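Enquirer: In order, the protein sequence lines correspond to chains S and R.
Letter by letter, the first sequence follows residues 1 to 513 of my numbering.
Letter by letter, the second sequence follows residues 1001 to 1316 of my numbering.
Don't read these hints as lab results, they were simulated from the structure.
Keep in mind it's a predicted model, so treat the numbers as computed, not measured.
One thing to keep in mind: the hints can contain errors.
Claimed, not checked - Simulated restraints, written as ranges between beta carbons of each label pair:
| # | chain 1 | residue 1 | chain 2 | residue 2 | range |
| --- | --- | --- | --- | --- | --- |
| 1 | S | Ser-140 | R | Asp-1209 | 36 to 42 Å |
| 2 | R | Asp-1209 | S | Leu-109 | 33 to 39 Å |
| 3 | R | Leu-1127 | S | Gln-25 | 29 to 35 Å |
| 4 | R | His-1119 | S | Ser-96 | 22 to 28 Å |
| 5 | R | Tyr-1312 | S | Gly-245 | 44 to 50 Å |
Backbone N, C-alpha and C define an ideal beta-carbon position, used for all residues, glycine too.
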Amino acid sequence: MSRDTAGSRLILEVKEISKSFPGVQALDRVDMDVREGEVHALLGENGSGKSTLTKCIVGAYQKDSGTILYDGKETSFSSPTESFRQGISVIYQERSLIPKFTVEQNIFLGDEMQVSGLLSEKNMRKRFRGLCESYGFDLSPDEKIFRLGVAQQKVVEIMKALSRNSRVVIMDEPTASLSKEESDHLFKIILQLKSKGISILYITHILEEVFRITDRITVLRDGRKVSTLNTAETDREEIVNLMVGEVFHDIEDISSSAKYDLPPVTSVKNVQKLPRVRDISFEVYPGEVLGITGLTGSGKTELARAIFGAEKADSGEIIVEGKRVNLNSPVDAINEGIALIPEDRKSDGLIMLFEVFKNITLPAISDFTATPGLILTKREYVKANEYRERLNIRLASIHQQTKFLSGGNQQKVVIAKWLLSSPKLLIMDEATQGIDVKAKSEIYSIVRELAENGFSVIFISSEVQEVQRVSDRILVIADGEVVGEFKRGARQDEILKKALSGKQEHLDNQVVS
Amino acid sequence: MSGPAVKSRLASFLGKYKIIIAFFVLALVISLMTPNFLSWRNIINIFRQSSIIGIMAIGSTFVIIGGGFDISVGSLLALSAAMAVGLQSSMHWFLAVIVVLLVGAAFGAANGFLSSKIHIPPIIATLGTMTIIRGIVYMYTGGYPLYVDSEGFAFIGNGYIGPIPFPIILLLILVALGQFILVKTKFGRYSCAIGGNKEAARLSGIKVDFYMTLTFIAGGVMAAMSGVVYASRLLSVTPLAGQGYELDAIASAVIGGTSVSGGEGSVVRTLIGALLLTMITNAFNLIGIDLYVQYVFKGLVILAAVGFDSFYKARG
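Just need the whole structure built from these sequences, with the hints factored in.
Expert: This is how it looks when you write it as structure tokens:
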């Protein structure tokens, strides 16, 4: 095993790794290393390359160039399964356990102990007890996973990693859905692992945690490594500045068409949808683009779905044009003139098997039907073609199957389908995710144009820069609450700081109360 | 155009028309082997033998396109046939037929309710109703065959219009109507949308539960209609009628290219699927091959038809 300049043993060394996807340089000659028995934070904004880097390390992606040394030897894993066998495990945000299996069955899944071809419960139980003793876990091996809380499930995943003698554990936002007590418990386990010489690569957005448990911090920005620092020698301010980088002030001047003197189009009052949305209130005005930003998991998507009636809110009021409305389903919301462009266009936004024109006319099909339910296809074609031109959707014909379109064009189809029903309020959730730069800027123009024509838009995105670009006003959400409100032209670092610090303030409040 | 695009176009072309191609290839091969096969009488025969399953399969096509599954239609055929016969002792045959169709609609609605509102997986929900309906058939008939003698009623299954038997005309009318509803109406469009992506359909403001139930009602009405034709053709019904028909109806739909996961399909191609199945039986009988071998061959045809789609879908 090699050592670094400080004389520490290095378990993992990443040298000059690059990875590109069509149109994007996701990683550009990134260097980093992980010492034996350290907790190393990997920080960066959305799209900075954190997850691409970890995927390259464990073999979920194949790097374009560069080398990876594991335990001093050059390695190139072909898949996460292989890296897992070799001792690098990943604990993903989304759980990867089988709910109906027991704790023990999950831990040994894929690596069952056998004696003459039969499962040996005895040996597995012995190994399970051994793990519990040496790391201080306290779990019943026979408990079914679905009966456990999220925190305990994380522990099971960690035990699974340890049962394969993992030497590096990569944790992707492990506290995302944990309470404060549960997070504390997890931190104890992390320190325990560290004391046994296990290294942890810790990916998070929450700076408080970084300063609490990590030894070093590596910051990525736009696919490049900005810096690696000793946690003890830096502070929150410096880290935020490194993450944000140079602040651009080239936000073009747009003439706001928001009419704040008119009554709001929609008021949201104390909406709650646990666990993600705690208490949110705001107003949207005619001709306004209201930006909503916040970290992944802050409750943005859940808020959007609650306003649209996709999932009924636990409590709170939604007032449309002065009238209190009950939004129990999307049908209700659409009748009130509210539309949602969902976060995941593939699973929620489009019917991929459909020809493009059928997707465009789907919500407003009644406008194209004569007498009981008879569709006037010719009129559909005309309208679909009109929107194809208006939104510059690039395709061979509106009779093409939607699944053959590029991401950006698919997204425009989703926009077209809602514009067709002329909603008073259009909610766009991460509308530019996974689409190319040109399509992105076209979508920004569409949003501005809608506002100019008097429509209202709620533009939700975790990319602060694009929210700044299109919005008249920006709300920052953290941990299910509005933690900040900014006017157009606010500085990016201020907005980002609000988003990052939101959760911490909330935790502090909890401690006080 | 790039290679993959050509390939996917070819795959989608073959996917759409493979059933028609297969149908004619098979017809050609059989006609070379058996001279009687292409005779007018035999062709009419194949169509008439397909009519009962064909009508039932129109309904199955709607149900499967909408993302459901209905295995109760065989039992429903028996109940409809028994009631169509039984009710004639107390009312005009035409009225009896109307009542039977309403009963079919009611059981379809029950299947739809259990699947969409109670969230029982459709195959299990209809397994339950299949068993219940079969029980009702036994209760209604007392376990004995029922007979009827009514000239007007007999016309449905045995009459001719010109040289063409009436059940064939009925089948073709219903296929045309079904295809029209599927392609040209809001109900048809919504059925495809729900089967194609239920969540996206819901978020587009479609009343998913309601329209899914409608597909089951279509399935129930078509099963009842096939029961009427069955009863009229034989002028008698045993409590065992229609057993296994649901499987032939589903097979016709999937051989005709209806996507098993929903969202895609065509009533016309379902008809060809039904004709293909009948043609295999017919040809094997003409050639004189054992009944048992026919089952094996039919099974292979189903696997080949569905396997083609599944394989290409999995490869993207």
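Enquirer: Each of the hints needs a verdict: does it hold here or not?
Expert: Okay, the hints, checked on the actual structure:
no.	hint	verdict
1	S:Ser-140 to R:Asp-1209: 36 to 42 Å	holds, 40 Å
2	R:Asp-1209 to S:Leu-109: 33 to 39 Å	holds, 37 Å
3	R:Leu-1127 to S:Gln-25: 29 to 35 Å	violated, 55 Å
4	R:His-1119 to S:Ser-96: 22 to 28 Å	holds, 26 Å
5	R:Tyr-1312 to S:Gly-245: 44 to 50 Å	holds, 46 Å
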